[in-house]
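*Asks:* With the hints as constraints, model all of the structure from the sequences given.
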Amino acid sequence: PEPMIALQGGTFRMGSCRHYPEEAPARSETVGPFSIDPTPVTNDDFSAFVDATGYVTLAELCPNPEDYPGADPTLLVPGSAVFTVPPHGSAPWWVYQPGAHWRLPQADGRSAMPNHPVVHVALADAQAYAAWAGKSLPTEPEWEFAARGGLQTGDYAWGEEFMPGGVPQANTWHGQFPLEQSYAEEFSRTSPVSAFPANGYDLFDMIGNVWEWTITPWDSGKSTRSCCTAGKVDSSAYTIKGGSHLCAPNYCRRYRY
Numbered sequence: 219p220e221p222m223i224a225l226q227g228g229t230f231r232m233g234s235c236r237h238y239p240e241e242a243p244a245r246s247e248t249v250g251p252f253s254i255d256p257t258p259v260t261n262d263d264f265s266a267f268v269d270a271t272g273y274v275t276l277a278e279l280c281p282n283p284e285d286y287p288g289a290d291p292t293l294l295v296p297g298s299a300v301f302t303v304p305p306h307g308s309a310p311w312w313v314y315q316p317g318a319h320w321r322l323p324q325a326d327g328r329s330a331m332p333n334h335p336v337v338h339v340a341l342a343d344a345q346a347y348a349a350w351a352g353k354s355l356p357t358e359p360e361w362e363f364a365a366r367g368g369l370q371t372g373d374y375a376w377g378e379e380f381m382p383g384g385v386p387q388a389n390t391w392h393g394q395f396p397l398e399q400s401y402a403e404e405f406s407r408t409s410p411v412s413a414f415p416a417n418g419y420d421l422f423d424m425i426g427n428v429w430e431w432t433i434t435p436w437d438s439g440k441s442t443r444s445c446c447t448a449g450k451v452d453s454s455a456y457t458i459k460g461g462s463h464l465c466a467p468n469y470c471r472r473y474r475y
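Just so we're aligned, residue 219 is where the sequence shown starts under my numbering, counting upward by one.
No wet-lab data here; the hints were simulated from the structure.
This structure is a prediction, so every number in the text was calculated from the model and none was measured.
The reader is advised that the hints may include incorrect statements.
As the list claims (entries may be wrong) - Straight line, CA to CA, 20 Å or less: simulated EDC-like cross-link-like pairs of lysine to aspartate or glutamate: (1) K353 / D269; (2) K353 / E220; (3) K353 / D263; (4) K353 / D262.
To be verified - Listed next, with one range per pair, are the computed distances between beta-carbon atoms: (5) P382 / A349: 33 to 41 Å; (6) P283 / G250: 43 to 51 Å; (7) Q226 / T302: 29 to 37 Å; (8) P283 / G393: 37 to 45 Å.
Glycine included, C-beta positions come from ideal geometry on N, C-alpha and C.
*Replies:* Okay, here's the thing in structure tokens:
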């Protein structure tokens, strides 16, 4: 892996009241000094971890039937959810695909590409990799501080315009999601981790390509009561950040939540 980027930390404006309830409330947050990898973890990086430890990801294990009462027994096999363009708008676009895991992302015989970000990685898998590498997952405030790259405002991690000067800044969805992908570039799914410009902190893929895990629980005391909706999210899920190659421009603003 590339050397980590050391950030001094500081106070920044986190979240927004402009677009989505999940981003609220906009608030001042302070993070201390920390270091972060300049790119998402690649398949090469993850392969080194697996080769050294023999680790098996959750997608490579059979689901526990007790966790999925009433599930179709034919689906209780190793696999993961794979995006599939639906034949019509109402059809689900995430389909459980037996045999899909980080080495075979589509379960179609095509191997994962070395310099692309690893996918089909559960939180436990990400934590295991980080522990092996002597690192830890970032908190949500740390991740957003890093993603902003020194900017205090902006709909996107690089500013207010999605494609300044008509130049793509990230691997995202172009077209009517999920039916039409009009992006004419070479990447139909993930892209190499340094294929698009870095942000102000020399970090890549802080928007687009793949969602990224944080160690912050989704309901870690953050109320959405302030300006957009009432109540508090109640979930045991953990926060993911940054959007992915499946995120349309409006969705990419959600790097803030």
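*Asks:* So, for every hint listed, does it hold in this structure?
*Replies:* Now for the hints, and whether the structure bears them out:
With a C-alpha separation of about 18 Å, the suggested pair K353 and D269 falls inside the 20 Å cut-off, and the hint holds. Only pairs whose Cα atoms come within 20 Å are accepted, and K353 paired with E220 is accepted, the gap being roughly 13 Å. Simply put, K353 and D263 have alpha-carbon atoms about 13 Å apart, close enough for the 20 Å limit, and the pair holds. Proximity of K353 to D262 is assessed by CA-CA distance (about 17 Å); at most 20 Å being required, the pair is judged to hold.
For P382 paired with A349, a C-beta distance near 39 Å keeps the hint of 33 to 41 Å intact. A C-beta distance of roughly 44 Å is found between P283 and G250, which places it inside the suggested range of 43 to 51 Å. Q226 and T302 have their C-beta atoms about 44 Å apart, which leaves the hinted 29 to 37 Å range violated. Between P283 and G393 the Cβ separation comes to about 39 Å, which falls inside the hinted range of 37 to 45 Å.
Figure legend: structure checked against the earlier numbered hints; the only hint not met is number 7.
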